[in-house]
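Student: Residues per chain, in single letters:
2 protein chains.
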Amino acid sequence: MAVPHHLEHLINPKFKSAFVDSYGFTEDEYALLLSYFDLKYVKKKEFYARAGIVCKHKTYLNKGCMRNFTIDEQGHERVLFFHFEDWWVGDFDSFYSGKPSVCNFQALEDCEILEITQKDFNYLKTRIPKLNIWLADKHTKKAIANSQKMVEIKTLSLEERYERLLCQEPEVVNRIPLQYIASYLNVEPQSLSRVRKNIQCKKK
Amino acid sequence: MAVPHHLEHLINPKFKSAFVDSYGFTEDEYALLLSYFDLKYVKKKEFYARAGIVCKHKTYLNKGCMRNFTIDEQGHERVLFFHFEDWWVGDFDSFYSGKPSVCNFQALEDCEILEITQKDFNYLKTRIPKLNIWLADKHTKKAIANSQKMVEIKTLSLEERYERLLCQEPEVVNRIPLQYIASYLNVEPQSLSRVRKNIQCKKK
Numbered sequence: 001m002a003v004p005h006h007l008e009h010l011i012n013p014k015f016k017s018a019f020v021d022s023y024g025f026t027e028d029e030y031a032l033l034l035s036y037f038d039l040k041y042v043k044k045k046e047f048y049a050r051a052g053i054v055c056k057h058k059t060y061l062n063k064g065c066m067r068n069f070t071i072d073e074q075g076h077e078r079v080l081f082f083h084f085e086d087w088w089v090g091d092f093d094s095f096y097s098g099k100p101s102v103c104n105f106q107a108l109e110d111c112e113i114l115e116i117t118q119k120d121f122n123y124l125k126t127r128i129p130k131l132n133i134w135l136a137d138k139h140t141k142k143a144i145a146n147s148q149k150m151v152e153i154k155t156l157s158l159e160e161r162y163e164r165l166l167c168q169e170p171e172v173v174n175r176i177p178l179q180y181i182a183s184y185l186n187v188e189p190q191s192l193s194r195v196r197k198n199i200q201c202k203k204k
Numbered sequence: 001m002a003v004p005h006h007l008e009h010l011i012n013p014k015f016k017s018a019f020v021d022s023y024g025f026t027e028d029e030y031a032l033l034l035s036y037f038d039l040k041y042v043k044k045k046e047f048y049a050r051a052g053i054v055c056k057h058k059t060y061l062n063k064g065c066m067r068n069f070t071i072d073e074q075g076h077e078r079v080l081f082f083h084f085e086d087w088w089v090g091d092f093d094s095f096y097s098g099k100p101s102v103c104n105f106q107a108l109e110d111c112e113i114l115e116i117t118q119k120d121f122n123y124l125k126t127r128i129p130k131l132n133i134w135l136a137d138k139h140t141k142k143a144i145a146n147s148q149k150m151v152e153i154k155t156l157s158l159e160e161r162y163e164r165l166l167c168q169e170p171e172v173v174n175r176i177p178l179q180y181i182a183s184y185l186n187v188e189p190q191s192l193s194r195v196r197k198n199i200q201c202k203k204k
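For the protein sequence lines, the chains are D and L, in the order given.
Residue 39 in this note's numbering sits at position 39 of the first sequence, with consecutive numbering throughout.
Residue 56 in this note's numbering sits at position 56 of the second sequence, with consecutive numbering throughout.
No lab work stands behind these hints: they were computed from the structure.
A portion of the hints provided could be inaccurate.
[Said to hold, decoys possible] Taking lysine-lysine and the DSS-like style, the derived pairs with C-alpha atoms no more than 30 angstroms apart in a straight line are: (1) K130/D with K154/D; (2) K45/L with K197/L; (3) K56/L with K130/D; (4) K149/L with K63/D; (5) K197/L with K142/D; (6) K149/D with K202/D; (7) K16/D with K44/D; (8) K45/D with K141/D; (9) K141/L with K14/D; (10) K141/D with K16/L; (11) K125/D with K119/L; (12) K45/L with K125/L; (13) K138/D with K130/L; (14) K58/D with K45/L; (15) K45/D with K119/D; (16) K154/L with K138/L; (17) K43/L with K16/L; (18) K197/L with K154/D; (19) K63/D with K130/D; (20) K56/D with K56/L; (21) K56/D with K45/D; (22) K43/L with K56/L; (23) K125/D with K197/L; (24) K99/L with K99/D; (25) K149/L with K44/L; (26) K197/L with K141/D; (27) K149/D with K99/L.
[Claimed, not checked] Some chain D residues near chain L, calculated using beta-carbon distances under 7 angstroms: (28) R78; (29) H139; (30) K202.
[Claimed, not checked] Derived coverage of chain D by chain L (criterion: at least 3 residues anywhere in the stretch with Cβ under 8 angstroms from a Cβ of chain L; other residues may be distant): (31) 46-55; (32) 66-72; (33) 129-136; (34) 161-170.
What you are looking at is a predicted structure, and each value in this text was computed from that prediction instead of being measured.
Beta carbons are placed, not taken as given, at the ideal position from N, Cα and C, and that holds for glycine.
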């Protein structure tokens, strides 16, 4: 069921802007695109997607935030990314390969998502060729972002990575519980608490 | 200067196949594409590209192998990737953003490369629209590969990562000096030697 007209005002204005302003979609093309999305709700702590299941949707995070984590060989949760409003979420590899997902997506706040099936998305690419250009640019940006994260992991100390979060991704520090930030940085929560105290001392 | 006709037999057959077999380029389109590439040589130990310089080429590694490394805040070299025949090399972020590259590319064997300027590549995209589809697919695969590497870094032990290299990327183990593999795995060479000995003992 598509997003009903009386709920359209709930959609993040950045969603429309990404297609209409940045890629020149006409109003008709945007309306066609939107008609294939469903608006859904994921409550805080609930899982939107789980490892082991094939990812068959493209999903826009309209509101809220999620953590994307995987389980390591010892059974520990490892946070890979945090996702906020105006991000696309889902296991990218699984979506394109059809293999089971390795990622879990859990809501850390009450979330609203816009979801489209793979089949509908592929159909829309044939109806709106501009969607292919949008997609190619998205993938380029994703590949770059992942490369940058890898460089960070390989070259920065814990303190440097935390300082970078503070400067460049303050919503992580402001909205995400400490234990998940520690998991994202691959350290124990105690080590992260120590780093936070050091940084506060430096500022004084 | 384009690849001269008398050197065309040197080009890796996978290069042509990628465009003609996988993306339906006609012989004329392939000939047009190839006419914009230069064939160049990079001797063992020489640098093909250095950090601090903007990456302005798309570069196909026709023969040989390279290491892609960055320098961390303490001045240590950190290997991000190894590249072999039939890979595209270059600092992706720099190529698209115009910012100085953070990666260094050093030949670990005598290399042959096929190089095209950004300007020529962009021109060719207008002449051969199929090139956009090839590019979008390349970026999708790169984003997936980078995501998988991040999951590996975050979830596997040193021993598991080395075993995965042995199974999935044996050319790394067979062709790359130990100290660079250790840098890629973020450990001291002595730790890697120990892991290799353990794995050999297990197999006996």
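Student: Take the hints in turn and mark each one as holding or not.
Tutor: Going through the hints against the structure:
A C-alpha spacing of about 37 angstroms is found between K130/D and K154/D, which places the hinted pair above 30 angstroms, so the restraint is violated. Under the criterion of a C-alpha separation no larger than 30 angstroms, the hint pairing K45/L with K197/L is consistent with the structure, at around 28 angstroms. For the hint linking K56/L to K130/D, the alpha-carbon distance of about 26 angstroms falls within 30 angstroms, and the restraint holds. The suggested pairing of K149/L with K63/D holds, with an alpha-carbon distance near 29 angstroms, which does not exceed 30 angstroms.
Among the hinted pairs, K197/L with K142/D is inconsistent with the structure: their alpha-carbon atoms are about 38 angstroms apart, more than 30 angstroms. The hinted pair formed by K149/D and K202/D meets the criterion: a straight-line CA distance of about 26 angstroms does not exceed 30 angstroms. Proposed proximity of K16/D and K44/D is supported: the alpha carbons are some 26 angstroms apart, at most 30 angstroms. As the CA atoms of K45/D and K141/D are separated by approximately 29 angstroms, the hinted pair is consistent with the 30 angstroms bound.
Taking the CA atoms of K141/L and K14/D, the gap is near 27 angstroms; set against the 30 angstroms cutoff, the hint holds. Taken as a hint, the K141/D and K16/L pair is honoured in the structure, with Cα atoms around 27 angstroms apart against an allowance of 30 angstroms. With a CA separation close to 27 angstroms, the supplied pair K125/D and K119/L stays within the 30 angstroms bound. The suggested pairing of K45/L with K125/L is violated, with an alpha-carbon distance near 34 angstroms, which exceeds 30 angstroms.
For the proposed pair K138/D and K130/L, the alpha carbon gap of about 18 angstroms is at most 30 angstroms, so the pair holds. Taking the CA atoms of K58/D and K45/L, the gap is near 44 angstroms; set against the 30 angstroms cutoff, the hint is violated. Simply put, K45/D and K119/D have alpha-carbon atoms about 29 angstroms apart, close enough for the 30 angstroms limit, and the pair holds. Under the criterion of a C-alpha separation no larger than 30 angstroms, the hint pairing K154/L with K138/L is consistent with the structure, at around 24 angstroms.
As the CA atoms of K43/L and K16/L are separated by approximately 24 angstroms, the hinted pair is consistent with the 30 angstroms bound. With a C-alpha separation of about 25 angstroms, the suggested pair K197/L and K154/D falls inside the 30 angstroms cut-off, and the hint holds. At most 30 angstroms may separate the alpha-carbon atoms for a hinted pair to count; K63/D and K130/D meet this at roughly 26 angstroms. Distance check on the hinted pair: K56/D and K56/L sit about 37 angstroms apart at the alpha-carbon level, beyond 30 angstroms; violated.
Between K56/D and K45/D the alpha-carbon distance is near 22 angstroms, which keeps this suggested pair within the 30 angstroms criterion. A C-alpha spacing of about 21 angstroms is found between K43/L and K56/L, which places the hinted pair at or below 30 angstroms, so the restraint holds. Only pairs whose Cα atoms come within 30 angstroms are accepted, and K125/D paired with K197/L is rejected, the gap being roughly 52 angstroms. Annotation: proposed proximity of K99/L to K99/D is violated, straight-line Cα distance about 36 angstroms (limit 30 angstroms).
Between K149/L and K44/L the alpha-carbon distance is near 27 angstroms, which keeps this suggested pair within the 30 angstroms criterion. With a CA separation close to 41 angstroms, the supplied pair K197/L and K141/D exceeds the 30 angstroms bound. Restraint check for K149/D and K99/L: satisfied, since their Cα atoms lie roughly 17 angstroms apart, inside the 30 angstroms limit. Hint on R78/D holds. Least Cβ distance to chain L is approximately 4 angstroms, under the 7 angstroms limit.
Contact between H139/D and chain L, as hinted, is supported at the beta carbon level, the nearest pair being about 4 angstroms apart and thus within 7 angstroms. Hint status for K202/D: violated, given a least beta-carbon distance of 16 angstroms to chain L, over 7 angstroms. For the region 46-55 of chain D, the stated coverage by chain L is not satisfied: 0 residues place a CB nearer than 8 angstroms to a CB of that chain, which falls below the threshold of 3. With 3 residues carrying a beta carbon less than 8 angstroms from a beta carbon of chain L, the region 66-72 of chain D meets the three-residue requirement, and the given coverage holds.
Look at the region 129-136 of chain D against chain L: 4 of its residues bring a Cβ nearer than 8 angstroms to a Cβ of that chain, three or more, so the hint holds. Against chain L, the region 161-170 of chain D contributes 0 residues with a C-beta closer than 8 angstroms to a partner C-beta. That does not satisfy the three-residue criterion, and the hint is violated.
The structure is inconsistent with the numbered hints 1, 5, 12, 14, 20, 23, 24, 26, 30, 31, 34, although it conforms to all the rest.
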